[in-house]
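Protein chains: 2
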Amino acid sequence: MKVFILAGGKGTRLWPLSREKYSKQFLRLIDGKELLESTYERVLNLAEPKDIVTVTNSDYYFYVKDICSRFSKEMEDNIICEPVGRNTAPSIAIACQYAIEVLKSDPEEVTFVFPSDHLIRPIESFVRYMNIGKDVAEKGYLVIFGIRPNRPETGYGYIQLGENKGDYNIVDRFVEKPSLDKAKLYIKDGNYLWNSGIFAFKISTFLEELMCYQPEIYNIIAKGYESAIRNFEKMPSISVDYSIMEKSKRVAVVPVSNMLWSDIGSWDALYEIREKDEDGNVLIGDVYPLETKNSLIFSNNRLIATIGVENLIVIETDDVVLITKRGNGQSVKELIERLKAEKREEVINHTEVFKVWGRYKTIEDGNGYKVRKLFIKPGNLLESEFHRERMEHWIVTRGLGELEVEDKKYRLKEGDSIVIPNCSVHRVRNVGNIPLEIIEIQMENSYN
Amino acid sequence: MKVFILAGGKGTRLWPLSREKYSKQFLRLIDGKELLESTYERVLNLAEPKDIVTVTNSDYYFYVKDICSRFSKEMEDNIICEPVGRNTAPSIAIACQYAIEVLKSDPEEVTFVFPSDHLIRPIESFVRYMNIGKDVAEKGYLVIFGIRPNRPETGYGYIQLGENKGDYNIVDRFVEKPSLDKAKLYIKDGNYLWNSGIFAFKISTFLEELMCYQPEIYNIIAKGYESAIRNFEKMPSISVDYSIMEKSKRVAVVPVSNMLWSDIGSWDALYEIREKDEDGNVLIGDVYPLETKNSLIFSNNRLIATIGVENLIVIETDDVVLITKRGNGQSVKELIERLKAEKREEVINHTEVFKVWGRYKTIEDGNGYKVRKLFIKPGNLLESEFHRERMEHWIVTRGLGELEVEDKKYRLKEGDSIVIPNCSVHRVRNVGNIPLEIIEIQMENSYN
Chain F
-15 MKVFILAGGK
-5 GTRLWPLSRE
5 KYSKQFLRLI
15 DGKELLESTY
25 ERVLNLAEPK
35 DIVTVTNSDY
45 YFYVKDICSR
55 FSKEMEDNII
65 CEPVGRNTAP
75 SIAIACQYAI
85 EVLKSDPEEV
95 TFVFPSDHLI
105 RPIESFVRYM
115 NIGKDVAEKG
125 YLVIFGIRPN
135 RPETGYGYIQ
145 LGENKGDYNI
155 VDRFVEKPSL
165 DKAKLYIKDG
175 NYLWNSGIFA
185 FKISTFLEEL
195 MCYQPEIYNI
205 IAKGYESAIR
215 NFEKMPSISV
225 DYSIMEKSKR
235 VAVVPVSNML
245 WSDIGSWDAL
255 YEIREKDEDG
265 NVLIGDVYPL
275 ETKNSLIFSN
285 NRLIATIGVE
295 NLIVIETDDV
305 VLITKRGNGQ
315 SVKELIERLK
325 AEKREEVINH
335 TEVFKVWGRY
345 KTIEDGNGYK
355 VRKLFIKPGN
365 LLESEFHRER
375 MEHWIVTRGL
385 GELEVEDKKY
395 RLKEGDSIVI
405 PNCSVHRVRN
415 VGNIPLEIIE
425 IQMENSYN
Chain Y
-15 MKVFILAGGK
-5 GTRLWPLSRE
5 KYSKQFLRLI
15 DGKELLESTY
25 ERVLNLAEPK
35 DIVTVTNSDY
45 YFYVKDICSR
55 FSKEMEDNII
65 CEPVGRNTAP
75 SIAIACQYAI
85 EVLKSDPEEV
95 TFVFPSDHLI
105 RPIESFVRYM
115 NIGKDVAEKG
125 YLVIFGIRPN
135 RPETGYGYIQ
145 LGENKGDYNI
155 VDRFVEKPSL
165 DKAKLYIKDG
175 NYLWNSGIFA
185 FKISTFLEEL
195 MCYQPEIYNI
205 IAKGYESAIR
215 NFEKMPSISV
225 DYSIMEKSKR
235 VAVVPVSNML
245 WSDIGSWDAL
255 YEIREKDEDG
265 NVLIGDVYPL
275 ETKNSLIFSN
285 NRLIATIGVE
295 NLIVIETDDV
305 VLITKRGNGQ
315 SVKELIERLK
325 AEKREEVINH
335 TEVFKVWGRY
345 KTIEDGNGYK
355 VRKLFIKPGN
365 LLESEFHRER
375 MEHWIVTRGL
385 GELEVEDKKY
395 RLKEGDSIVI
405 PNCSVHRVRN
415 VGNIPLEIIE
425 IQMENSYN
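Residue numbers (the numbering used here), protein chains in the order written: chain F, -15 to 432; chain Y, -15 to 432.
It is worth saying that the hints were derived from the structure and are not from the lab.
Mixed in with the good hints, there may be bad ones.
A pair holds if it fits inside one copy or across any two, identical chains being indistinguishable in the list.
[What the hints assert, rightly or not] With a Cα cut of at most 25 angstroms, we get these calculated DSS-like pairs of lysine-lysine:
1) Lys260 <-> Lys309
2) Lys88 <-> Lys172
3) Lys277 <-> Lys324
4) Lys393 <-> Lys357
5) Lys17 <-> Lys149
6) Lys357 <-> Lys345
Model, not experiment: these values are computed from the prediction.
From just these sequences and the hints, can you work out the full model?
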């Protein structure tokens, strides 16, 4: 059995915590773990690390690798990096090819497809339903897991149940995100389930349906994994639901009840699924509420004091504070569009940026200089590009490093400092077994 | 003619912008100028710099001196620094003694007393009313300026008008901050004015009344300025209104109308006096409002995005975000009391602190290290105490300095860096004519 995790999705619905280059699957919204880490923990109840394949993109590669590294080297090795985003159909297709070609998977093997940023509880129900799905997939179906709705949600797609076959049903039809009136009818009707975006099928089943309904994708995949990556952008950008599930005659749905499922698609959704205090508040971080009710207040760094407010969502980050009435998810989208149009960096990046060697955080962006905190992972190498335009001052606040500037080598320990003149190539390696922390002051050339 | 500015008042009603060690008179709430600077500009229409005396305390001395320095050396020289706070009666008394003894003022000279943190407009009306008050003071009255109320304000004291004498009235009685019902009656009655806290009198008149009603204060003052400062804490802590104005038989009031006056005693008050946009918002700094109405949103550093909120006050600083419904001034007080009880530094200091030599700002407070930005004023000397416990790394980002470490001298220019080992006394002087800017990384001894 294989597991494909789709971790390339971009989205800023949880802005300012999520950014274009730092999406929801990397946020620590529950239990202090990234949603992707929780997703891995969940699927490790179904499959072994060597059978877990993650599909993501180059912007996210380092984050994904970092999280995989907490589990096993095999998971780090099984990361597929899409050169461009082409929605879910191509992602699943390339994962199938990777499984067969690289992991030597038997085409008759069942694989699961999971989004990387959902909340699912409890684990026992999850495992039970997945095993049901596996049996149905063995029969040659494309299996979807459908969640029994508890409210007329307009943010999800719906699946209309057809003929019942015991544990599962044939799918009658798919419905796009409905209007509120329609959604209410579906609840009343009782034969409509939410489309969870979780699938199970034999790799062969999927490839047959892909050949039949998406030959453009199939033909690129069929030429082999490496070639498919090179020609990835030639594939149509299309979702698996729209391109295959809605067309195939071999789709079954496993109805899921008594399992908490959420795609945490908005701050309101997070408020709903988190436990509230006696005032109906969800308070995260350094928050000091007075006469405050039914609000989600999320502090990352600074004290947030609130007085006499209700039904608010407050999200504080290093560079942005978002304050919105609950139930305004749509307007958040509009806000972000406007900020993008104004090329505001706050939409794209955080002040902290992940790299293959670790991460850095800009703590002061001054006139003619920048102050950054560098965190270099044990054993990792930070190779600086050649800086014609700036000199750098480094002060080591933690750890052990070995610095090379041009042909000279220096040993760096806590408290050491060094000046790296402009035009000099340099590289530093963390030779200790704790993170190497360096404060870097960059000065523009004009200053020398 | 003399002018006394009372700039020692502490208050956190505009927290988190005001702090215990950074009070309202230093905030840039209007026209980007500190209220104290605006106060000086206003009174310079009445008196010359050499006749302006400021009374403050040691916590505020450097801020006051810095603002005075924008006007004249004479104003810098005429700052009285109270060793402890004793309310307004002792402050005015010591200023009278200073005027006579140090400025060789004629006791028959009229002096004005102004709070340092009020908004008054327009300047023409101000000057006209002050000149009326001066004439009345010449007659031997203690003159108060009473503001014609436009709403039943419960935050101010009231003055009941007695016999009319043309431009002025005898004061019938003073009323403490009234209940809303009482305040409404006063408005209806029409014979009640707000107590502006602005006074005018001949120095001799004040001292006579002081001797009569507050001999304890008078006797300390009478021994001379230096001795009075040394014995300052022996004076009773009492307001001039309560101790003299409400008792004296020689009090007159000059009614003031058609002049905007506010003590800006709360965020609500600031909202009231500031101009609103078409949505009724007062937006200061980097604010991005969507469907936002009748709110005051004040950003100092970060982007504040708001969606679908109304009647909110949002104040963002480096270390605190306050979010409160408008009309909650009282609760802000309560909040601060609670934070004080928890010894939260955010109540006392900003991340930026003023010193005689300039100022510094903590930009990162790490585990075992601190990163600070130092701004040293031209010609000024920063003398560091002897640091047994830490070493310091300095990087100059702007300006020219001369550093002495132990007996060695170094010239510092932009881009230079130096390590100051622990246990070494050091001092740096700004020898350029622009601010000397230094990034300082302090490391605790344990790291060496």
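Here is what the structure says about each hint:
Both within a single protomer and between protomers do Lys260 and Lys309 lie at most 25 angstroms apart by alpha-carbon distance, with minima of 17 angstroms and 22 angstroms respectively. In this assembly of identical chains, the alpha carbons of Lys88 and Lys172 never lie at most 25 angstroms apart, being 47 angstroms within a copy and 91 angstroms across copies at closest. Taking CA atoms no more than 25 angstroms apart as the test, Lys277 paired with Lys324 passes between copies only; the shortest distance there is 23 angstroms, against 32 angstroms inside one copy. Proximity of Lys393 to Lys357 under the C-alpha cut-off of 25 angstroms is restricted to the intra-copy arrangement: shortest distance 22 angstroms within a copy versus 31 angstroms between copies.
In this assembly of identical chains, Lys17 and Lys149 lie within 25 angstroms of each other by CA distance neither inside one copy nor across copies; the values are 38 angstroms within and 76 angstroms between. Taking the shortest alpha-carbon separations for Lys357 and Lys345, both the intra-copy value of 5 angstroms and the inter-copy value of 17 angstroms come in at or below 25 angstroms.
Consistency note: the structure conflicts with the earlier hints numbered 2, 5.
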